[in-house]
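Colleague: Each chain is listed here by its residues.
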Amino acid sequence: MKDDSNHERGRNGPLRQTLVSAADVEAWFLREVLPLEASLMGYFKRNWRNESDARDLVQEVYVHACEAAQQDLPRTARPFVFTIARNLLIDRFRNLAVVPLETVGDVETLTTPSDQPGPDRNVIARDELRRLQAALDKLAPRCREAVLLRQLEGLSRREVAARMGISEETVKEYLATGLFLLSDIFFGQSAGEDCA
Amino acid sequence: MSRQVLKAESAAEIQMNASRRVIERRDAENWTDEDQEKLDAWLNESSAHAIAYWRANHAWGRTYRIAALKRPAAENPLPKREDRRSAAAFKIALAVCAFAVAGWTASMLFAGPKFTNYTTPVGGHRVLVLSNGSKIELNTDSVLRLSDGAAVLDRGEAYFEIKHDPAHPFVVSAGGRKIVDIGTKFLVRNGADHLEVALFEGRVLLGAPDGSTTAPSKLTAGDVAIATANSTSIVKLSLRALTNEVSWRQGVLIFHRTSLADAAAEFNRYNSRKLIVADADAARLKIDGKFRTNDVASFTEVAEDVLRLRIERQGNQTVMSR
Numbered sequence: 243m244k245d246d247s248n249h250e251r252g253r254n255g256p257l258r259q260t261l262v263s264a265a266d267v268e269a270w271f272l273r274e275v276l277p278l279e280a281s282l283m284g285y286f287k288r289n290w291r292n293e294s295d296a297r298d299l300v301q302e303v304y305v306h307a308c309e310a311a312q313q314d315l316p317r318t319a320r321p322f323v324f325t326i327a328r329n330l331l332i333d334r335f336r337n338l339a340v341v342p343l344e345t346v347g348d349v350e351t352l353t354t355p356s357d358q359p360g361p362d363r364n365v366i367a368r369d370e371l372r373r374l375q376a377a378l379d380k381l382a383p384r385c386r387e388a389v390l391l392r393q394l395e396g397l398s399r400r401e402v403a404a405r406m407g408i409s410e411e412t413v414k415e416y417l418a419t420g421l422f423l424l425s426d427i428f429f430g431q432s433a434g435e436d437c438a
Numbered sequence: 024m025s026r027q028v029l030k031a032e033s034a035a036e037i038q039m040n041a042s043r044r045v046i047e048r049r050d051a052e053n054w055t056d057e058d059q060e061k062l063d064a065w066l067n068e069s070s071a072h073a074i075a076y077w078r079a080n081h082a083w084g085r086t087y088r089i090a091a092l093k094r095p096a097a098e099n100p101l102p103k104r105e106d107r108r109s110a111a112a113f114k115i116a117l118a119v120c121a122f123a124v125a126g127w128t129a130s131m132l133f134a135g136p137k138f139t140n141y142t143t144p145v146g147g148h149r150v151l152v153l154s155n156g157s158k159i160e161l162n163t164d165s166v167l168r169l170s171d172g173a174a175v176l177d178r179g180e181a182y183f184e185i186k187h188d189p190a191h192p193f194v195v196s197a198g199g200r201k202i203v204d205i206g207t208k209f210l211v212r213n214g215a216d217h218l219e220v221a222l223f224e225g226r227v228l229l230g231a232p233d234g235s236t237t238a239p240s241k242l243t244a245g246d247v248a249i250a251t252a253n254s255t256s257i258v259k260l261s262l263r264a265l266t267n268e269v270s271w272r273q274g275v276l277i278f279h280r281t282s283l284a285d286a287a288a289e290f291n292r293y294n295s296r297k298l299i300v301a302d303a304d305a306a307r308l309k310i311d312g313k314f315r316t317n318d319v320a321s322f323t324e325v326a327e328d329v330l331r332l333r334i335e336r337q338g339n340q341t342v343m344s345r
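Listed in order, the protein sequences are those of chains A and B.
Sequence positions in the first sequence follow the numbering used here and run 243 to 438.
Sequence positions in the second sequence follow the numbering used here and run 24 to 345.
No false leads were slipped in.
Restraint-style ranges between C-beta atoms, simulated for each label pair:
id, chain 1, residue 1, chain 2, residue 2, range
1, A, ALA404, B, GLU32, 33 to 41 Å
2, A, ASN292, B, LYS186, 45 to 53 Å
3, A, ASP333, B, ASP302, 27 to 35 Å
Listed next, the stretches of chain B that the computed footprint assigns to chain A, with coverage defined by at least 3 CB atoms under 8 Å from CB atoms of chain A:
id, stretch
4, 34-47
5, 65-74
Residues on chain B that point at chain A, a partial pick, calculated with CB under 10 Å:
id, residue
6, ASP50
7, ASN80
8, HIS81
9, THR86
10, LYS309
11, ILE310
12, ASP311
Think of the hints as simulated: they come from the structure by calculation, not from any bench.
Even glycine gets a Cβ: it sits at the ideal position worked out from N, Cα and C.
Use the sequences and the hints to build the structure in full.
Modeller: So, in structure tokens, the structure goes:
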């Protein structure tokens, strides 16, 4: 098939540099979109039939958002992102050929002002510290030990392996698992939510 | 490289993979061109890969920064997770009205007027128009006794549109309470363990339990009072939510983030074929939707298609389970 549609290519293929550089899209994503992850997860858990699909739906929103942002960075991220989320849900519902479902998602989320003043930096840091502590507590003991040795004590992976008496490959697995869980706790959960 | 590939690979798998690659990249003691090529190839496979990598990389940097901040002193224990539902429930204003009228309850006691009985069967709906133009709509499975200027809702639910007469306020008795209209449209639902009064227009006074000396509560438009034997709580609802409360007047049920258990219970009020939600997980599913009160079939079909529930007919019951 002839690939003559930039739009389709952008959709399905890798992030291609178009009008906005990949670095700018990345910076925008980390600054504006990633902080919305907890809201997005909550949105999909509330409004989609299967809570376990939330992670996949959020990922799909990210892909749509970043691909659109390559053309032009949206001025306000929140309404932009939640419109994508809502349309995604509508699509999903439509595919199910369901009788009229009255509403798709809570519209309030769309209208929450995005430019409200953020919390004080110190509060953020304290909050993050607390969350990190909680997150670390949730890790399996060996996994936690690896993360602490690597990140807190600054040992190299080889040193961690030597200290713990395990292979470097195993250290890598511990760290990767730890990072996976920590990412979820940082971005995917609202403050005060338990990290199960 | 297409959506199909993305579908096959779950977001969790991609994120785990991205985490592993971030660790590799960050920890590499000698990162070769070949390593970089392999990483680039993976990142270029799909936007989802690149985004998951950004995300994990950002998180790893953050743990490092925070770890650097961390002092050895033990952190405060985490605050207990807030139960949002109860938080919302506690927002309820216990609005006790200012004009406590001594003997008010007593003055409202009716001694022996003649009552006429009106009933509706399960699924029934009946509109009564009074001689003064006031209107009363009875919902499913309800029993109302009516006399001049007073009504007793013995069971079920009724919507009142009362033409106000200051000299003779209309009084509704239900669930051991009295509701006195001050020119208004309101809904009264006499439930098994509580009484619900919702105000659409005007004002009413909701009396304390009969025999109690507590002052009546004054309700204004948008208030929904939930009264039990010894407590009254009042919440303010939006017009839309309030309208949903009386959607039965149009013969429909409107669900908005309603649990499957509550939705089934609503249907059961209107239908003799009862819905049973057999497991707790299914009961907690939240749904939105609009259905005819008597159209259980559509509801179960949707539940089967959308919620992927098993629907079984057993005698006069329909059992829904995962």
